[in-house]
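Visitor: Numbering-wise, the sequence shown is residues 3 to 934 according to our numbering.
Honestly, the hints are just simulated from the structure, not real lab data.
One should not assume that every hint holds.
Simulated restraints on C-beta separations [to be verified]:
#1 Pro-348 / Ser-392: 15 to 23 Å
#2 Lys-575 / Asp-676: 20 to 28 Å
#3 Ile-86 / Gly-200: 41 to 49 Å
#4 Arg-602 / Gln-444: 45 to 53 Å
#5 Pro-244 / Lys-758: 45 to 53 Å
#6 Ser-392 / Asp-412: 50 to 58 Å
#7 Ser-174 / Lys-218: 46 to 54 Å
#8 Lys-758 / Ser-392: 25 to 33 Å
#9 Pro-27 / Ser-145: 27 to 35 Å
#10 Asn-30 / Asp-121: 57 to 65 Å
#11 Pro-244 / Ser-174: 54 to 62 Å
Ideal Cβ placement from N, Cα and C applies to all residues, glycine included.
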Amino acid sequence: WEEVSIMDEKNVPIRTYQVCNVLEPNQNNWLRTDWIPRSGAQRVYVEVKFTLRDCNSLPGVTGTCKETFNLYYHESNEDRESYIKESSFIKVDTVAADESFTQVDVGDRIMKLNTEVRDVKVTTRKGFYLAFQDVGACIALVSVRVFYKTCPLTIRNLATFPDTVTGADTSSLVEVRGSCVNQSEEREEPKMYCGADGEWLVPIGGCLCNPGYQEKSGTCKACSVGFYKAKSSDPGCSKCPPHSHSVRDGATVCDCHSGFFRADSDPPSMACTQPPSAPQQLISVVNETSVVLEWAPPRRLGGRSDTSYSLECLICQTGSHNYPRPGSGSGSHLCLPCGSDVLFSPGQTGLKTTRVVVSELRAHTHYTFIVHAHNGVSQASGAGAAQSVSVTLTTNQAAPSPVSFIQATDVTRHSLSLAWQQPDRPNGVILEYEVKFYEKDQRERSYRIMRTFSRSVDVTGLNPLTVYVFHVRARTAAGYGEFSAPFEFSTNSDPFPLIGEGVNSAFLLLSISGVGILLLISAAVFIISRRRSKYSKTKQDSEEEKHLNPGVKIYVDPFTYEDPDQAIHEFAKEIDVSSIHIERVIGMGEFGEVCSGRLRVQGKREIYVAIKSLKAGYSDKQRRDFLSEASIMGQFDHPNIIRLEGVVTRCKPLMIITEYMENGSLDAFLRKHDGQFTVIQLVGMLRGIASGMKYLSDMSYVHRDLAARNILVNSNLVCKVSDFGLSRVLEDDPEAAYTTRIPIRWTAPEAIAYRKFTTASDVWSYGIVMWEVVSYGERPYWDMNNQDVIKAMEEGYRLPAPMDCPVVLHQLMLDCWERERAERPTFSQILNMLDKLIRNPGTLRHHRQTHRKTYIPWSMCVWLQSIGLERYRDTLAAAGYTSLDSLLLHKQDHICAFTQQSYINSLTYNRRIRASFIQGTGENNFPKILTS
Numbered sequence: 003w004e005e006v007s008i009m010d011e012k013n014v015p016i017r018t019y020q021v022c023n024v025l026e027p028n029q030n031n032w033l034r035t036d037w038i039p040r041s042g043a044q045r046v047y048v049e050v051k052f053t054l055r056d057c058n059s060l061p062g063v064t065g066t067c068k069e070t071f072n073l074y075y076h077e078s079n080e081d082r083e084s085y086i087k088e089s090s091f092i093k094v095d096t097v098a099a100d101e102s103f104t105q106v107d108v109g110d111r112i113m114k115l116n117t118e119v120r121d122v123k124v125t126t127r128k129g130f131y132l133a134f135q136d137v138g139a140c141i142a143l144v145s146v147r148v149f150y151k152t153c154p155l156t157i158r159n160l161a162t163f164p165d166t167v168t169g170a171d172t173s174s175l176v177e178v179r180g181s182c183v184n185q186s187e188e189r190e191e192p193k194m195y196c197g198a199d200g201e202w203l204v205p206i207g208g209c210l211c212n213p214g215y216q217e218k219s220g221t222c223k224a225c226s227v228g229f230y231k232a233k234s235s236d237p238g239c240s241k242c243p244p245h246s247h248s249v250r251d252g253a254t255v256c257d258c259h260s261g262f263f264r265a266d267s268d269p270p271s272m273a274c275t276q277p278p279s280a281p282q283q284l285i286s287v288v289n290e291t292s293v294v295l296e297w298a299p300p301r302r303l304g305g306r307s308d309t310s311y312s313l314e315c316l317i318c319q320t321g322s323h324n325y326p327r328p329g330s331g332s333g334s335h336l337c338l339p340c341g342s343d344v345l346f347s348p349g350q351t352g353l354k355t356t357r358v359v360v361s362e363l364r365a366h367t368h369y370t371f372i373v374h375a376h377n378g379v380s381q382a383s384g385a386g387a388a389q390s391v392s393v394t395l396t397t398n399q400a401a402p403s404p405v406s407f408i409q410a411t412d413v414t415r416h417s418l419s420l421a422w423q424q425p426d427r428p429n430g431v432i433l434e435y436e437v438k439f440y441e442k443d444q445r446e447r448s449y450r451i452m453r454t455f456s457r458s459v460d461v462t463g464l465n466p467l468t469v470y471v472f473h474v475r476a477r478t479a480a481g482y483g484e485f486s487a488p489f490e491f492s493t494n495s496d497p498f499p500l501i502g503e504g505v506n507s508a509f510l511l512l513s514i515s516g517v518g519i520l521l522l523i524s525a526a527v528f529i530i531s532r533r534r535s536k537y538s539k540t541k542q543d544s545e546e547e548k549h550l551n552p553g554v555k556i557y558v559d560p561f562t563y564e565d566p567d568q569a570i571h572e573f574a575k576e577i578d579v580s581s582i583h584i585e586r587v588i589g590m591g592e593f594g595e596v597c598s599g600r601l602r603v604q605g606k607r608e609i610y611v612a613i614k615s616l617k618a619g620y621s622d623k624q625r626r627d628f629l630s631e632a633s634i635m636g637q638f639d640h641p642n643i644i645r646l647e648g649v650v651t652r653c654k655p656l657m658i659i660t661e662y663m664e665n666g667s668l669d670a671f672l673r674k675h676d677g678q679f680t681v682i683q684l685v686g687m688l689r690g691i692a693s694g695m696k697y698l699s700d701m702s703y704v705h706r707d708l709a710a711r712n713i714l715v716n717s718n719l720v721c722k723v724s725d726f727g728l729s730r731v732l733e734d735d736p737e738a739a740y741t742t743r744i745p746i747r748w749t750a751p752e753a754i755a756y757r758k759f760t761t762a763s764d765v766w767s768y769g770i771v772m773w774e775v776v777s778y779g780e781r782p783y784w785d786m787n788n789q790d791v792i793k794a795m796e797e798g799y800r801l802p803a804p805m806d807c808p809v810v811l812h813q814l815m816l817d818c819w820e821r822e823r824a825e826r827p828t829f830s831q832i833l834n835m836l837d838k839l840i841r842n843p844g845t846l847r848h849h850r851q852t853h854r855k856t857y858i859p860w861s862m863c864v865w866l867q868s869i870g871l872e873r874y875r876d877t878l879a880a881a882g883y884t885s886l887d888s889l890l891l892h893k894q895d896h897i898c899a900f901t902q903q904s905y906i907n908s909l910t911y912n913r914r915i916r917a918s919f920i921q922g923t924g925e926n927n928f929p930k931i932l933t934s
């Protein structure tokens with residue numbers, strides 16, 4: 003090879019290496035570069051620019067002229083090799099020209115330059131040599147450029163990725179981890195891949211600007227004054243919320259203005275707020291030793307919706323007009339906190355309602371009640387008594403509390419002495435005590451009364467070896483208190499006086515015979531007296547007698563057993579688990595899965611059953627509660643009560659086996675078959691439920707959770723009462739009446755307010771079930787919340803008749819919803835009424851024409867009830883008057899004509915009011931009535 007200077011096509015001199023030994027055969031001419039450092043490159047590229055003479059343009063070179071050359075490389079760690087053997091080089095490729103030139107081209111100065119690029123993988127040494135081998139061509143190397151590729155420095159998703167050398171293979175990807183730019187943090191590890199062509203692939207992950215900074219042009223810039231950014235995930239800086247500000251760049255939260263605060267739980271985006279002002283219009287109603295406190299919400303809520311209330315109760319001395327707290331300085335001895343025995347319903351702190359009933363107070367005592375208003379920033383602001391209002395009152399004289407303990411002494415065959423302590427709360431001077439006692443077997447059918455001024459009494463004239471039940475109550479000027487709980491004591495039996503040493507055996511036999519005859523006579527007299535007394539009772543006593551007849555089974559509470567296993571084995575049958583075949587899971591119960599399956603008991607046909615199981619890891623209380631429902635069901639035997647087949651208690655899991663009801667719960671069944679049954683079929687369902695409830699009431703059992711969801715339906719449309727667990731919940735939780743576990747929409751008002759659950763409250767619930775059945779599973783009171791339902795019931799609102807509901811059925815519902823529980827029908831009367839309807843279906847044809855799901859709002863219904871116009875409720879709805887506003891807009895038209903006289907006639911409860919009303923308004927002034 004020779005280094006030659008030539009002129010290119012622009013007449014610019016360039017240096018080339020040339021070789022053109024085409025006339026001589028077996029050419030082997032090498033040209034080697036200097037040592038080239040690798041500089042971290044894993045694959046280098048060689049760009050060769052050259053010219054090549056066409057062999058056909060050279061005469062006489064046939065067989066010796068070539069038109070290609072070879073490219074080689076050799077890797078080395080240092081530049082010290084002056085001579086390298088040919089065999090040490092590795093061939094890269096044989097390079098051929100795309101275009102060659104001839105002698106004519108040279109004369110015309112047309113330079114046909116070829117450019118070829120080859121890549122070489124170099125990874126084992128620090129550097130390398132390149133070599134060009136000529137084997138007989140006429141060639142000139144114009145330039146050789148050696149380079150490697152990198153992915154350039156870049157910023158993606160707020161992460162910096164450095165300049166990166168590509169991989170060794172043409173298909174390899176180099177994974178590169180980025181680093182977050184200033185004032186940012188990783189959201190997800192930022193990564194990108196550098197391709198072999200020097201291009202970055204799609205980025206993964208990235209960074210987020212720190213709180214107080216937002217992204218701008220690939221960097222994080224601080225939020226300006228008046229703006230903030232609380233979290234890295236926020237999209238950008240936000241303007242400070244109301245009543246707050248920021249005074250520096252990069253704020254993460256805005257500070258509240260003076261007098262405004264933010265609670266710890268408030269997000270930074272929430273406006274700063276203030277504590278509420280004091281409650282308004284605190285009023286009190288004293289009822290003996292109970293007080294009802296009501297107040298209006300504060301005039302200013304401070305911009306928040308989490309206002310709550312707490313009560314402070316103080317006992318104050320007579321004549322105290324202030325209410326200093328203990329330890330507050332002057333006069334702190336005047337008022338002391340109330341004791342822990344005072345009861346607050348629904349509670350004393352954390353109240354959301356504005357009404358509290360305070361009970362168990364002392365009689366004739368001065369109390370001060372302070373109502374505090376709080377919200378989320380009350381504590382942060384340090385606000386205290388400024389948000390409170392107080393009232394001072396004196397409780398009335400009240401009857402004494404029950405006597406808690408009775409003790410018997412000097413017990414003989416015919417007498418005993420009783421003594422007791424004064425009631426815990428005498429509520430005044432005890433004037434006398436009344437003692438009521440009766441034989442235990444008589445169950446209060448025949449009792450005696452004794453009165454005494456002391457706390458003891460001698461009871462004589464008792465029968466020997468007889469158990470007596472005693473009750474004691476105290477009387478003050480306010481009247482008698484409640485009787486104490488029953489206390490049982492038995493008289494003694496001394497040894498028979500004729501039995502002893504030296505007694506003649508014949509005389510002994512005669513004496514025993516005489517005693518036997520005397521016992522027979524006494525038994526006969528007792529039976530006759532019981533039969534006579536049976537017919538001398540009042541209607542209420544006769545109802546009680548029905549429950550106490552030996553032929554009527556009485557419900558036994560399984561929680562009275564100390565050992566729950568004793569109750570379960572007494573009322574439920576143990577089933578061998580091998581007799582049960584579980585097929586599928588049909589739901590989840592309170593204690594575990596509910597499955598369906600088959601039960602095969604030896605000697606009986608196989609039946610389908612429902613299987614409730616107790617999940618693993620249960621506590622002793624959960625086990626007792628689980629088995630208690632079986633102990634309750636096991637006492638019932640009626641075609642309209644869910645039947646208990648048995649229990650599994652001797653292996654795990656514990657199971658309760660009941661009959662299987664194919665159609666599930668009544669409410670879901672009715673919604674699924676909306677409008678598909680006749681009225682007679684619906685009444686038949688109601689008749690079955692009433693029959694089951696009559697059976698339960700006859701057993702003195704109160705269900706407490708009667709609702710369509712707790713009625714199960716079998717394949718023959720027979721309805722059966724189920725779910726006997728709510729009574730346990732209410733007994734375990736004394737505050738349960740005020741929790742969401744009470745089914746407010748189905749519960750009688752006295753049960754909600756006073757926890758007074760009776761058969762009469764079950765009758766109220768049955769009326770709701772009637773409404774559910776006739777409306778095909780509609781939700782009672784629709785979308786009203788529980789507080790609105792309670793308020794509506796207190797104001798006299800009752801559910802309207804569902805679509806196509808016979809008048810007689812809706813009237814029966816209204817009878818079940820009487821405010822006074824004594825005025826509600828019994829289940830026996832309900833059952834008789836339904837039987838009459840089934841026997842006379844013609845009475846079921848008359849119904850109000852209402853459109854389903856189109857009702858007058860309950861507030862308007864209450865107003866119509868209050869003025870005696872409830873009968874026109876459906877007529878007004880059909881005419882389009884569904885609100886008081888719509889009624890007032892048309893007060894001059896025909897509505898006045900048919901409502902005016904009805905309204906006047908409704909005022910019959912007070913003749914003087916009626917007369918003055920007509921005189922003051924005039925017969926034709928009903929629009930004035932509506933306006934007012």
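Visitor: All hints are to be evaluated individually against the structure, with a verdict given for each.
Guide: Against the structure, the hints:
{"no.": "1", "hint": "Pro-348 / Ser-392: 15 to 23 Å", "verdict": "holds (21 Å)"}
{"no.": "2", "hint": "Lys-575 / Asp-676: 20 to 28 Å", "verdict": "violated (40 Å)"}
{"no.": "3", "hint": "Ile-86 / Gly-200: 41 to 49 Å", "verdict": "violated (31 Å)"}
{"no.": "4", "hint": "Arg-602 / Gln-444: 45 to 53 Å", "verdict": "holds (49 Å)"}
{"no.": "5", "hint": "Pro-244 / Lys-758: 45 to 53 Å", "verdict": "holds (49 Å)"}
{"no.": "6", "hint": "Ser-392 / Asp-412: 50 to 58 Å", "verdict": "holds (54 Å)"}
{"no.": "7", "hint": "Ser-174 / Lys-218: 46 to 54 Å", "verdict": "violated (36 Å)"}
{"no.": "8", "hint": "Lys-758 / Ser-392: 25 to 33 Å", "verdict": "holds (32 Å)"}
{"no.": "9", "hint": "Pro-27 / Ser-145: 27 to 35 Å", "verdict": "holds (30 Å)"}
{"no.": "10", "hint": "Asn-30 / Asp-121: 57 to 65 Å", "verdict": "violated (26 Å)"}
{"no.": "11", "hint": "Pro-244 / Ser-174: 54 to 62 Å", "verdict": "holds (58 Å)"}
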